[in-house]
Amino acid sequence: MTALAIDQQSRPLELRNQTPAEGGLDVAVLAADQLVRQTSGNWRAYVNSAVAEIHAECSAADWDGPGSVPINDLVLQRALNVSDLLRYYVPYATPAPQLIACADGEVTLTWEIDPDQVFSISVGNHGLLNYAGRLGQNGQPHDAVPYGTEAIEQLATYISTLY
Amino acid sequence: VCGGEELSLFCRKRHLYRENKDPAKWVLRGTAFEPRRRPSDQRLEASICQTTGVPIDELWAICVQHFDAHQQSPALGRGIGLGQVVLDEGLTFEVNGDPHPCHANILGWPEDPSHDDEKVRHLWMKAALNMAAKFKYEPRPDPAAAPAVPAGPAAP
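Top line first, the protein sequences correspond to chains A and P.
Using the numbering used here, read the first sequence as starting at 12 and increasing by one per residue.
Using the numbering used here, read the second sequence as starting at 2 and increasing by one per residue.
Keep in mind that the hints were calculated from the coordinates and are not lab data.
Quick caveat: nothing in here was measured; it's all calculated off a predicted structure.
Just to be clear, a hint being listed does not mean it is correct.
[Claimed, not checked] Some chain P residues close to chain A (C-beta under 10 Å, calculated; not the full set):
1) THR32
2) GLU35
3) ARG39
4) HIS123
[Said to hold, decoys possible] Far from chain A, by Cβ distances over 10 Å, these chain P residues were calculated:
5) GLU59
6) GLN85
7) LEU108
[What the hints assert, rightly or not] From the derived model, a few chain P residues whose C-beta atoms are all more than 12 Å from chain A:
8) CYS3
9) GLY4
10) GLU6
11) ALA33
12) PRO40
13) THR53
14) LEU83
15) ASP99
16) PRO102
17) HIS104
18) PRO142
We treat Cβ as the ideally placed atom computed from N, Cα and C, and that holds for glycine.
Isolated chain P (complex conformation) (with noise of 0.2 Å):
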């Protein structure tokens, strides 16, 4: 993923962006990017999608099939942000094609050697903090069509 690289985060909760009078100023909030550990071996990772030049259609049908599909609620929006924002705070990208070839995870945030998150969570805070001001948040364009009972593939 190269710092002009589009990337896209799906939202389901209101919290995790925030609102304006102008549209065109809603961005996302700290809290979309913090990571999980990925159950498999405990990796700190952060999904995202990437965007450059898919088509609106297509990427919300990525986000019906791979995100909706594994959530409680359907995605409201997305936040849209360019790769150089993520490798500005030090972190890297894994591309993996799983579980959709736009897929990739963010990684590289710092960890505790013993896994002890609460020393290290304020360093993940601050890199999110400073991604999501440069996240804008785009409603979704037609909630009416998310689905109402999620259906589709295992997600990674």
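Chain A on its own, in the form it takes in the complex (with noise of 0.2 Å):
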């Protein structure tokens, strides 16, 4: 059985019914620095790339100016968790997130499409996923939920909204 078969199985039944091809159309209009990511097939190469340069960069103190807090193991590792959950849960279309790493020590990932269709989630050495998003038609949605399946689920939800 294929990696591709094994992701459409585990999704959720209301995103099951997104098939690839169909995801395949919103790729193509991706802009080109999307395209270079990967699907949620394979996000791992991509988000692990990201971290490690994330790591080398970022992770001594005043990183990005005075007072800025450098980014810990854990929030790195807490970051790949939720990249490696979500990706279960969203279309097979969807492009890895955008890893960045903020001045105060958490690290974003962020879905984009345009400035008016954009998902960020905030990952911090705490047990809280911050979130916010502006969906188009769908709202702006935002909010700080406990880490765990259902925020995951909910997440999900959203970035699908994109893709």
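Dock chain to chain to rebuild the complex, using the hints, since each chain is given by itself in its own frame.
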């Protein structure tokens, strides 16, 4: 059985009917930088690379000017975990998130089609996942939710509206 | 700072702005606006520069002296938008002229009384996403002129 088949079957019922072929249409209109990233069936290599880059550049004090907080290994591991879990719930064509280090020590995972269609999740050294998005006609959701399966499913639903 | 004031936000990381095939559509990303706590009193603030009528050479000279000098690498460009974009998010300005006359702080970020930032960060993210969508990005006109080894007075 291929990885694609495993991913398709492991998604919740409401997302399972979004086929790779349908997702392929979305991919065609994504910005060039998003095309470089791989679809949800194989995010890991891209995300691992991004994590390594952040670790190299942002793990020292004052990495982003005076007062910026180092990104520690726990935060990077949580970012990896969130990414790993989400990819099983979003449509197959969903590109990997962009990982962005923040000056307060958090890492933001962002999916972005354009400035009006963007969704970000912030992962930090605590038990909450903060998120905010501009989802066009689907509004501007934002909240802080306890890390867990229920939160992952909720966040995946928002991300799925972009793809 | 009034709603019609032009504001500039210097960016030194590529991930702080979003490129497009049409450079006129380059905009900032939300992370460019996220506030920091001032070390002296833990106040949340984001630095910005008032640039209405400031000649482009003078603007980048300010960047060299007061931004590049305190970073590991010089600014790649700047975000440009109006004060009204910030005011529309319920935020306010403080113009204190420090470390230069054009400098201002964006204040009024939602806070948890116990400073548990993880409980309110989503409010900052929401405001930042909204502002970023309305701030165009402009690359530095002459990146080669940026200082390789920063030097200058201390930032606040």
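So, going through the hints one by one against the coordinates:
1. THR32: holds, 5 Å
2. GLU35: holds, 6 Å
3. ARG39: Interface hint status for ARG39 of chain P: holds (8 Å vs cutoff 10 Å).
4. HIS123: Interface hint status for HIS123 of chain P: holds (4 Å vs cutoff 10 Å).
5. GLU59: With a cut-off of 10 Å, GLU59 of chain P remains clear of chain A, as the shortest Cβ separation is near 22 Å.
6. GLN85: holds, 17 Å
7. LEU108: holds, 16 Å
8. CYS3: holds, 24 Å
9. GLY4: Correct as stated: the minimum Cβ-Cβ distance to chain A is 20 Å, above 12 Å.
10. GLU6: Its Cβ never comes within 12 Å of chain A, the nearest being 21 Å, so this holds.
11. ALA33: Check fails; 10 Å does not lie beyond 12 Å.
12. PRO40: Violated, because the least Cβ-Cβ distance between PRO40 of chain P and chain A comes to about 5 Å, which does not exceed 12 Å.
13. THR53: holds, 23 Å
14. LEU83: Non-interface label stands for LEU83 of chain P: nearest chain A Cβ at 16 Å, farther than 12 Å.
15. ASP99: holds, 14 Å
16. PRO102: holds, 21 Å
17. HIS104: holds, 14 Å
18. PRO142: At roughly 23 Å from the nearest Cβ of chain A, PRO142 of chain P sits farther out than 12 Å, so the non-interface label holds.
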